[in-house]
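Visitor: Here's the letter readout for the chains.
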Amino acid sequence: MNVSLTVNGKPVECDIEERTLLSDLLREQLGLTGTHRGCDTAQCGACTVHLDGVAVKSCNLLALQAAGGSVTTIERIAAGDGSLHPMQEAFRECHGLQCGFCTPGMVMSAIDLVRRCPEPDVGAIREGLEGNLCRCTGYDNIVQAVALGARHMRG
Amino acid sequence: MTATTSSPPAAETGIGQSARRVEDKRFLTGRGRYIDDITLPRMAHAALVLSPYAHARIRSIDTAQALAAPGVLAVLTGQDARAEGLGGMPPLFMPEDMGGPKGHRTYRPLLATDRARCVGDRVAFVVAETPAQARDAAELVEVDYEPLDAVASLEDAMRADAPLVWDEAPGNRCCMVMYGDAVATDAAFASAPHVTRLKLQNNRLSANSIEPRGAIGLWNEADEQYTLHTSSQNPHGARSMLCSHVFKVPETTMRVISPDVGGGFGMKADAYPEDGLVLWASRRCGGRPVKWIPTRSESLATDNHGRDQLVEAEMALDRAGRILGVRARSAHAFGAYVVSAAVAPLNFAIRFIPSVYDVPAFHGVNVGVFTHTSPTGPYRGAGRPEAAYVMERLLDQAANELGLEPAAIRERNFIRPEQMPYATHTGFVYDSGDFGALLDRCLDLSDEAGLAARKADSRSRGLLRGRGIGLFIEQGGIFNDQMSLRFDPGGTVTIVAGTHSHGQGHATVFAQLVSEWLGVPFETVRYVQGDTDKVPFGRGTYAARSSMIGGCALRMAADRIIEQALPVAARMTGNEPAGMSFDRGIYTGANGKQVTLAEVARAHFIKAGPMAQLGAGLQATGTWNTDPPNFPNGCHICEVEIDPETGHVHIDRYSAVDDIGRALNPMICKGQIQGGVAQGIGQALHEHLVYDRESGQLVTGSFMDYGMPRADDLPSFDLRFAKVPCTTNPLGVKAVGEAGTIGAPPAVMNAVLDALRPLGIHHLDMPATPLKVWTAIREASDMARTHER
Numbered sequence: 305m306n307v308s309l310t311v312n313g314k315p316v317e318c319d320i321e322e323r324t325l326l327s328d329l330l331r332e333q334l335g336l337t338g339t340h341r342g343c344d345t346a347q348c349g350a351c352t353v354h355l356d357g358v359a360v361k362s363c364n365l366l367a368l369q370a371a372g373g374s375v376t377t378i379e380r381i382a383a384g385d386g387s388l389h390p391m392q393e394a395f396r397e398c399h400g401l402q403c404g405f406c407t408p409g410m411v412m413s414a415i416d417l418v419r420r421c422p423e424p425d426v427g428a429i430r431e432g433l434e435g436n437l438c439r440c441t442g443y444d445n446i447v448q449a450v451a452l453g454a455r456h457m458r459g
Numbered sequence: 087m088t089a090t091t092s093s094p095p096a097a098e099t100g101i102g103q104s105a106r107r108v109e110d111k112r113f114l115t116g117r118g119r120y121i122d123d124i125t126l127p128r129m130a131h132a133a134l135v136l137s138p139y140a141h142a143r144i145r146s147i148d149t150a151q152a153l154a155a156p157g158v159l160a161v162l163t164g165q166d167a168r169a170e171g172l173g174g175m176p177p178l179f180m181p182e183d184m185g186g187p188k189g190h191r192t193y194r195p196l197l198a199t200d201r202a203r204c205v206g207d208r209v210a211f212v213v214a215e216t217p218a219q220a221r222d223a224a225e226l227v228e229v230d231y232e233p234l235d236a237v238a239s240l241e242d243a244m245r246a247d248a249p250l251v252w253d254e255a256p257g258n259r260c261c262m263v264m265y266g267d268a269v270a271t272d273a274a275f276a277s278a279p280h281v282t283r284l285k286l287q288n289n290r291l292s293a294n295s296i297e298p299r300g301a302i303g304l305w306n307e308a309d310e311q312y313t314l315h316t317s318s319q320n321p322h323g324a325r326s327m328l329c330s331h332v333f334k335v336p337e338t339t340m341r342v343i344s345p346d347v348g349g350g351f352g353m354k355a356d357a358y359p360e361d362g363l364v365l366w367a368s369r370r371c372g373g374r375p376v377k378w379i380p381t382r383s384e385s386l387a388t389d390n391h392g393r394d395q396l397v398e399a400e401m402a403l404d405r406a407g408r409i410l411g412v413r414a415r416s417a418h419a420f421g422a423y424v425v426s427a428a429v430a431p432l433n434f435a436i437r438f439i440p441s442v443y444d445v446p447a448f449h450g451v452n453v454g455v456f457t458h459t460s461p462t463g464p465y466r467g468a469g470r471p472e473a474a475y476v477m478e479r480l481l482d483q484a485a486n487e488l489g490l491e492p493a494a495i496r497e498r499n500f501i502r503p504e505q506m507p508y509a510t511h512t513g514f515v516y517d518s519g520d521f522g523a524l525l526d527r528c529l530d531l532s533d534e535a536g537l538a539a540r541k542a543d544s545r546s547r548g549l550l551r552g553r554g555i556g557l558f559i560e561q562g563g564i565f566n567d568q569m570s571l572r573f574d575p576g577g578t579v580t581i582v583a584g585t586h587s588h589g590q591g592h593a594t595v596f597a598q599l600v601s602e603w604l605g606v607p608f609e610t611v612r613y614v615q616g617d618t619d620k621v622p623f624g625r626g627t628y629a630a631r632s633s634m635i636g637g638c639a640l641r642m643a644a645d646r647i648i649e650q651a652l653p654v655a656a657r658m659t660g661n662e663p664a665g666m667s668f669d670r671g672i673y674t675g676a677n678g679k680q681v682t683l684a685e686v687a688r689a690h691f692i693k694a695g696p697m698a699q700l701g702a703g704l705q706a707t708g709t710w711n712t713d714p715p716n717f718p719n720g721c722h723i724c725e726v727e728i729d730p731e732t733g734h735v736h737i738d739r740y741s742a743v744d745d746i747g748r749a750l751n752p753m754i755c756k757g758q759i760q761g762g763v764a765q766g767i768g769q770a771l772h773e774h775l776v777y778d779r780e781s782g783q784l785v786t787g788s789f790m791d792y793g794m795p796r797a798d799d800l801p802s803f804d805l806r807f808a809k810v811p812c813t814t815n816p817l818g819v820k821a822v823g824e825a826g827t828i829g830a831p832p833a834v835m836n837a838v839l840d841a842l843r844p845l846g847i848h849h850l851d852m853p854a855t856p857l858k859v860w861t862a863i864r865e866a867s868d869m870a871r872t873h874e875r
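Residue numbers (the working numbering), protein chains in the order written: chain U, 305 to 459; chain L, 87 to 875.
If you are wondering where the hints come from, they were derived from the structure by calculation, not from laboratory data.
Any given hint could be a false lead.
[To be verified] Straight-line Cα separation of at most 16 Å, EDC-like style, residue types lysine to aspartate or glutamate; simulated pairs:
# : chain 1 : residue 1 : chain 2 : residue 2
1 : L       : K679      : L       : E662
2 : L       : K285      : L       : E398
3 : L       : K111      : U       : E393
4 : L       : K111      : U       : E379
5 : L       : K111      : U       : E397
6 : L       : K111      : U       : D385
7 : L       : K541      : L       : D729
8 : L       : K285      : L       : D183
[What the hints assert, rightly or not] Computed spacing ranges between beta-carbons, pair by pair:
#  : chain 1 : residue 1 : chain 2 : residue 2 : range
9  : L       : Y193      : U       : E434      : 43 to 53 Å
10 : U       : E322      : L       : F623      : 45 to 55 Å
11 : L       : H848      : U       : D425      : 51 to 61 Å
12 : U       : A383      : L       : H848      : 51 to 61 Å
13 : U       : Q369      : L       : D574      : 44 to 54 Å
14 : U       : T310      : L       : T381      : 25 to 35 Å
15 : L       : G100      : U       : Q369      : 25 to 35 Å
[Claimed, not checked] Only some residues are given here: those of chain L computed to face chain U with a beta carbon under 8 Å:
#  : residue
16 : P607
17 : P752
18 : M753
19 : V763
Just so we're clear, the structure is a prediction, and the values are computed from it rather than from any experiment.
Every residue gets a Cβ at the ideal spot worked out from N, C-alpha and C, and that includes glycine.
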C-alpha cells in the first residue's frame with residue numbers, strides 16, 4: 305500500500321504493509337532513528353512525535369493513520385544551523401538526561417506541553433509528562449528542564 | 087564518543103564542578119547510536135521461539151513449516167547447536183571459586199535441547215529478511231512439549247517434594263554462602279532480654295532500561311572474524327564469555343562493540359544466549375549480518391531479573407535497645423540457571439546486614455535456589471538493598487517493641503568515627519564514615535521538628551502520615567581495570583576507557599579529570615569506549631566501580647604521561663631531567679624555561695633528527711584494583727501520606743544525605759542518587775515481577791502490568807552530600823551509582839508502617855500497592871472489630 309505524508313517539512317511517499325506502525329515507517333523507511341521504541345503497549349512514550357502539531361505516540365498509530373498529515377520528529381527540533389531548541393538547551397543545562405533513550409520522546413512531549421500550557425507549574429509538568437517513562441533520572445531534573453525550557457520559549 | 091559540542095567556560099570544567107555533559111548533543115537531537123539504530127548491508131532479522139511452559143520436556147521440534155515461510159533464511163534449534171559443538175554459558179563465579187562450598191554450576195545453552203526450564207527459555211531462533219517475516223515464521227515452529235510440574239516461588243522450590251529444576255541439584259539448591267560466628271551469635275540470642283523477628287520478602291524486579299537489549303551478529307568469511315554489536319555494559323566480558331565457552335575460539339577472532347546503550351542497571355552486564363545466536367546465525371546465513379531486537383514483552387520474560395529473596399531475620403537486644411546480635415537465614419531465587427554475577431547479590435545480601443551499626447555477634451546464611459523462572463542476576467544495588475532492608479526493618483520493629491524512637495535506637499548502635507577503620511564480622515574494613523552526623527543532618531533536612539504537626543494535619547484530613555528512616559553502607563568498586571591516555575601528533579589527547587558509560591556521563595567526568603591533571607583544554611579531550619578493537623582491555627561498568635577504578639587508573643595513566651614526557655621537556659628547555667617540575671600543563675626547568683605538555687607531546691612525533699630517538703608517540707596505561715573497595719553510606723528519610731479509602735501511598739517528602747566522598751561532578755552525582763531513589767521507590771511501592779504460583783506463567787508480562795514510577799508519582803527529592811573523603815584511593819571518591827536503590831526501600835516501607843502501625847498493622851511486604859495497603863487496613867479493622875465483641 306502507498307502512503308503519502310509530510311515528514312519534517314518534506315513530502316514523502318512510502319510503500320508499506322497495512323500493519324506498519326508510524327514508528328516503523330519513520331525509523332525503517334525514512335532512517336529517522338531518533339524516535340525510539342521502548343515498549344509494545346504504548347506506555348513508555350519514547351516514540352513520541354508531533355502529528356499535525358500535537359504530540360502522539362508513533363508506536364500507537366498505523367502509518368496509514370498519518371496519511372496526508374504532517375509529522376515532526378526530534379531530528380527537526382534543533383535549528384537549521386544546528387543550534388539547539390530552547391527546550392533541548394534546557395535539558396542539557398538541567399542534566400535532564402542520562403542514557404538519552406527516553407530523551408527524544410521527553411523533549412517532544414515537553415514542547416507539546418508548553419505549547420498548550422506556556423507557564424506550567426511543577427504539578428502540571430509532572431502530570432503532563434505522565435505518559436513518558438524514564439528509568440535513569442528520577443524525573444526531577446526533567447521537570448526543572450521543562451520549566452526552564454518553558455521560560456526560554458516564552459522569550 | 088567525541089567532545090564536540092559548545093562547552094562552558096574553562097572555570098566550570100574542573101574536578102568537582104558541575105560541568106554540563108559533552109555527550110548530550112547527540113542524545114538531544116536524536117543522533118544517538120543505539121543498537122536498533124544500526125543498519126548493516128544485507129542485514130537479516132531474527133526472532134526467538136520461547137518456551138510457553140515453565141517446565142516441559144521438549145519431545146521434538148518441527149521446523150519444516152517455518153523454513154518454508156516467506157523470507158526465511160534459517161531456523162536453528164538446540165540440537166543444531168549441540169551438533170556444531172557450541173557450548174553453554176556458566177556464571178561468572180560460584181562460591182567454590184572463592185573457597186566456599188561446592189554448588190551446582192549450570193551451563194546455559196544458546197537454545198534448550200531436551201527440557202525447557204522457564205517461561206522464556208530459548209527454544210529456537212528464526213532468521214528472515216524482515217523482522218515481521220521472522221516473527222511470522224517463529225509462530226510456525228512446531229514444538230512438541232510435554233508439560234511438567236513447575237515451581238515458581240522460593241517457598242515451593244525449597245519444599246522436600248518439589249520438582250527439580252536440575253536433577254543434579256537436590257532440593258533445588260544451587261549454592262550457599264555463610265558469614266559470621268554461629269556459636270557466638272546463638273549465645274548472644276540465648277541470653278538476650280529482647281529478641282525481635284521478621285520474615286521479609288524482597289520482591290523480584292525487572293531493570294527495564296527504556297532501551298531493550300539487542301544484538302547484531304556478523305561473521306566475516308574472508309577474514310574469519312566475528313563482529314558483535316550488543317547493548318551491553320561490558321563488551322570485553324561478552325567477548326571472553328562467547329569465545330571461551332560458546333564458540334571456543336581465540337579472542338583474536340572476535341570484535342565486540344557496545345555503542346550507545348540506553349541504560350543497563352546490571353541487567354546488561356553480561357552476555358546472553360542471543361549474543362551467541364546472532365553470531366552463529368550470521369555464519370549459518372553465509373555471513374549476512376543478523377539483527378535481533380526483542381519486544382518489551384519478550385524483554386520482561388528473557389532479561390535477567392533482580393532480587394527475589396526470602397529472609398528470616400532476628401535481632402537480639404538489651405532493654406535499652408543496644409544490639410547484642412543479628413541472625414539471618416535467607417534464600418535467593420536464581421531462576422532456571424545460575425548466570426552472570428548472580429552470586430554477588432547472594433553474597434552482599436548477607437555481608438552488609440550489620441550495616442552502619444556496631445553489631446557484636448552476627449551469623450548469616452544465604453542459599454541460592456533454582457526455580458522455574460527467568461534467571462536472576464545483579465540489578466542496581468545487587469544484594470545491598472536486601473541487606474539494608476533487613477537491618478532497617480528489624481530496627482524499626484525493635485524500636486516499636488521497646489518503646490524507643492526510630493532515630494534513637496539507631497543512634498544507640500552506630501559505629502562511631504573513632505572506631506574507624508572498623509572491621510565487620512563479614513570481612514569488610516570500613517575506612518571512614520560518620521553515621522551519626524548523617525542521621526542528624528537528614529533529620530534536620532527532613533524537618534523532624536514539624537513532623538508531629540504534619541501528622542496531626544494529615545489526620546484532620548482523614549489521612550495517615552508516616553515517616554521512615556533508611557540508613558545503609560555499601561561497597562563501591564569490584565575487580566581491576568585499565569584506562570589509557572593517547573596523544574596524537576597534533577598534541578591533543580584521547581582517553582581510552584575500559585569502563586563503560588551508559589548514562590553516567592563518563593565522557594564528561596573523565597575529561598574533567600584529564601584536563602585538570604594534564605592542563606589540556608577540556609573541549610579537545612576525546613573519549614573512546616565500548617569497542618574491543620579500540621580499547622585493548624576493560625571490564626565495563628557495574629557495581630558502581632567507575633569513579634574509583636576508572637578515575638584512579640586514569641590518574642595512574644596521567645602520572646605516567648607526565649613522567650614519560652619529562653626527558654623531552656628537559657631536552658626542549660635545555661635542562662637536566664632531575665630539575666624539572668610539572669604543574670597545570672606546564673613543565674618548568676631549573677633554569678626557569680617552560681614548555682607546555684601539548685608542545686612536548688607534539689615533539690614526541692618528530693620523525694628524524696636528535697629528538698626522534700626519544701621515541702615515536704606519547705601514550706600510557708594505568709590500572710587500579712578494588713582492594714580495598716570504598717564504602718559509600720547514607721541516610722534517607724521518607725514521609726508518606728496514605729489515603730485509607732484507597733490504600734494509595736503518596737510520597738510527601740524525601741530527604742537524603744549521602745556520603746560519596748569527593749564528588750567529581752556534583753550535578754552528575756546528584757543525578758545518580760535521584761535515579762536510584764526513583765528505582766528504590768519503585769521497588770517499595772510499584773514494581774513486582776509476578777509468576778503464577780501454579781503454572782509458572784509470567785503474569786506481569788508487559789508495561790500494562792509491571793508498574794514503574796512516573797513523573798507524577800514522585801516528589802522532588804531534597805538531596806545533600808556529606809563529603810567524607812575515602813582514605814584508600816587517591817581521588818577520595820566513594821561510589822554513587824547504586825546508593826538510591828539501597829536507601830529508598832527501607833525509608834519508604836518504614837514510613838508506610840509508621841503510618842499504619844496505629845491501625846494494628848505491623849508488617850507489609852513490598853510493593854505496598856494500594857490494593858495491598860487497602861486490604862491490610864480492612865483486615866486490621868475487621869480484626870479490631872472481632873476483638874471488641
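Visitor: Now tell me, hint by hint, if it's right for this structure.
Guide: Status of each hint after checking the structure:
| no. | hint | in the structure |
| --- | --- | --- |
| 1 | K679/L <-> E662/L | holds, 12 Å |
| 2 | K285/L <-> E398/L | holds, 4 Å |
| 3 | K111/L <-> E393/U | holds, 9 Å |
| 4 | K111/L <-> E379/U | holds, 12 Å |
| 5 | K111/L <-> E397/U | holds, 11 Å |
| 6 | K111/L <-> D385/U | holds, 14 Å |
| 7 | K541/L <-> D729/L | holds, 13 Å |
| 8 | K285/L <-> D183/L | violated, 30 Å |
| 9 | Y193/L <-> E434/U: 43 to 53 Å | holds, 44 Å |
| 10 | E322/U <-> F623/L: 45 to 55 Å | holds, 50 Å |
| 11 | H848/L <-> D425/U: 51 to 61 Å | violated, 39 Å |
| 12 | A383/U <-> H848/L: 51 to 61 Å | holds, 60 Å |
| 13 | Q369/U <-> D574/L: 44 to 54 Å | holds, 51 Å |
| 14 | T310/U <-> T381/L: 25 to 35 Å | holds, 29 Å |
| 15 | G100/L <-> Q369/U: 25 to 35 Å | violated, 52 Å |
| 16 | P607 | violated, 20 Å |
| 17 | P752 | violated, 10 Å |
| 18 | M753 | holds, 5 Å |
| 19 | V763 | holds, 6 Å |
In terms of the numbered hints stated before, the structure departs from hints 8, 11, 15, 16 and 17, listed from lowest to highest.
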